Amino acid sequence: MRETEFAIVGAGPAGLSAAIEAARAGVQVTLIDENDKPGGQLFKQIHKFFGSKEHYAGVRGIDIGVQLLHEVETCGVEVMLNAVVWGIFADHTLGIIHDHKNLHLKAKKILLATGASENALAFPGWTLPGVMGAGAIQTLVNIHRVLPGRRVLMVGSGNVGLIVSYQLLQAGAEVVAVLEAMPKIGGYGVHASKLRRHGVPILTSTTIKEARGKGKVEEAITIGLDEHWREIPGTEKAYQVDVICLALGLTPLSELAWMAGCQFDYIPQLGGHIPVHDANMETTVNGIYVAGDVSGIEEASTAMEEGKLAGIAVAEALGYLSAAEAACKKEVVLRRLDELRSGPFGGVRKQAKEQLHQQRCSQ
Amino acid sequence: MTLAKNGALSLEELAALPGMPSKERLAQGPVVVIECAQEIPCNPCEAACPNGAIKVGEPITNLPVLAEEKCTGCGVCIAACPGQAIFVIDMTYSEEEATVQLPYEFLPLPAKGDLVDGLDREGQKICTARVLRVLNPKKFDRTPVITIAVPKECAMAVRNIAIRR
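Taken in order, these protein sequences are the chains called Z and R. Note that the working numbering has the first sequence beginning at 1, numbered continuously upward. Note that the working numbering has the second sequence beginning at 1, numbered continuously upward.
Looking at chain Z on its own, in the form it has when it is part of the complex:
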């Protein structure tokens, strides 16, 4: 069996940031990802990020990814790609399929930075080719430069739906409308305004009713909703489209945390069942940490800060940082997280996160 000090599952923004922090302090880090390239979703994020300079504000996600990969390389992190972690066992051992071979990796500390998966919506015709998730569209358009269709109906007006709609326009597609079941737009107004000034209608209190077509999407039927989310008969509208994109939020990919025996709480504002964790990002199982979307759906900016927190906490727990050094580093990161979790959008997440921390501390 192979051994390492700190195993990180998932090389997205959280995993990369944790690896850099811990390795810089001297920790032996093994960073594991099932894809053939590290970076997670960062390389699909071709837009400029929000935040302040410390959060890479104004920098495009794709360029943040390049920067983090460079740092990971220079600070001596072992990166294991095409490696699927299929199990987690007592005594901190991971079961991994790497290059078609099974191996076991025993670590003193483990960070689960496994991210999230997209939520789907079932409606008549939803299995027709042409109904696809926003993540798939971002991969096709922004990474492989393939346009999945010419006329797109976007379902969901959170930041993902708004940003992907904008990127579809940039790639030359037409976005016929963005639907939002809630009575108001879910994502940032500035993202919505970018679409509106290109003439894309954003229809609140409206949802998808049906996808129609022979062998593929040819038409989408939408319908208005009343204040109790009930369909309003007679408000159906038909759009001739070849793509219906679903951007309906994310659910944490928490299988490994369940398997490890972590305690969970159900927090809708954070995307569902979340492993209870403290301000060090440590779960209720000693030595197992979470960061990024698996610890509550937020953004790449918060994922990077959470990863740093976990990396610092692990370095401290392994004796590479003194309590004072760690406290000093954590304070800086916590302040930046506080900034990102303030205001009408972030404040809700801050409250939810505090609820989780309190649970962990009361045990």
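Treat the hints as calculated values from the structure; they're not laboratory data. Note that this is a predicted model, so its numbers are computed, not measured. One should not assume that every hint holds.
[What the hints assert, rightly or not] Listed next, the in silico DSS-like pairs over lysine-lysine satisfying Cα-Cα at most 25 Å (straight line): (1) LYS139/R <-> LYS112/R; (2) LYS237/Z <-> LYS216/Z; (3) LYS184/Z <-> LYS5/R; (4) LYS350/Z <-> LYS330/Z; (5) LYS139/R <-> LYS55/R; (6) LYS184/Z <-> LYS237/Z; (7) LYS209/Z <-> LYS5/R; (8) LYS330/Z <-> LYS53/Z; (9) LYS23/R <-> LYS152/R; (10) LYS106/Z <-> LYS37/Z; (11) LYS209/Z <-> LYS184/Z; (12) LYS101/Z <-> LYS37/Z; (13) LYS53/Z <-> LYS55/R; (14) LYS55/R <-> LYS23/R; (15) LYS112/R <-> LYS152/R; (16) LYS53/Z <-> LYS70/R; (17) LYS237/Z <-> LYS5/R; (18) LYS138/R <-> LYS53/Z; (19) LYS139/R <-> LYS53/Z.
[What the hints assert, rightly or not] A short list of chain R residues far from chain Z (calculated; beta carbon distances all over 12 Å): (20) LEU11; (21) PRO21; (22) SER22; (23) LYS23; (24) GLU24; (25) ALA27; (26) PRO30; (27) CYS74; (28) ASP90; (29) LEU115; (30) ARG130; (31) ARG133; (32) VAL134; (33) LYS152; (34) GLU153; (35) ARG164.
For every residue, glycine included, the Cβ atom is placed at its ideal position computed from N, Cα and C.
Please arrange chain R on chain Z, whose structure you already have, making use of the hints.
Quick look at chain R alone, frame taken from chain Z:
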């Protein structure tokens, strides 16, 4: 219509923003219009301004406040805003025309001298616009800034262009 409902700021919402210059300042020459209406954690505009004319401060969710007397209308904040919510208006360009500088991340880029459609905040064509300048330096990081001349009465409404094909 309102921002939260359909994605376009209403005139009432715009008038209430701390990033809007006064009528008097607009009459004096180029100045920024900051159409940032929600308290999201973001402050690159503050760092971008060489004259300290944009203040966000702490917490960074504060709306950007324009110190209109310090703004020279240089426009370096336009490409720095991740939300593409900043524009520069010059009401003194000529007798009939004003200029609008706006971010434009689409290909093909227009060329100087082109006539394009001037679109409002809801994407409706409201005038013909003449392209005066296309800036796309490395510093703007792939957010080109287009300067257009439009009829004066359209200057506070035009926020996008459409290339004529």
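To test your reading of the hints: which numbers does this structure violate?
No hint contradicted; all consistent.
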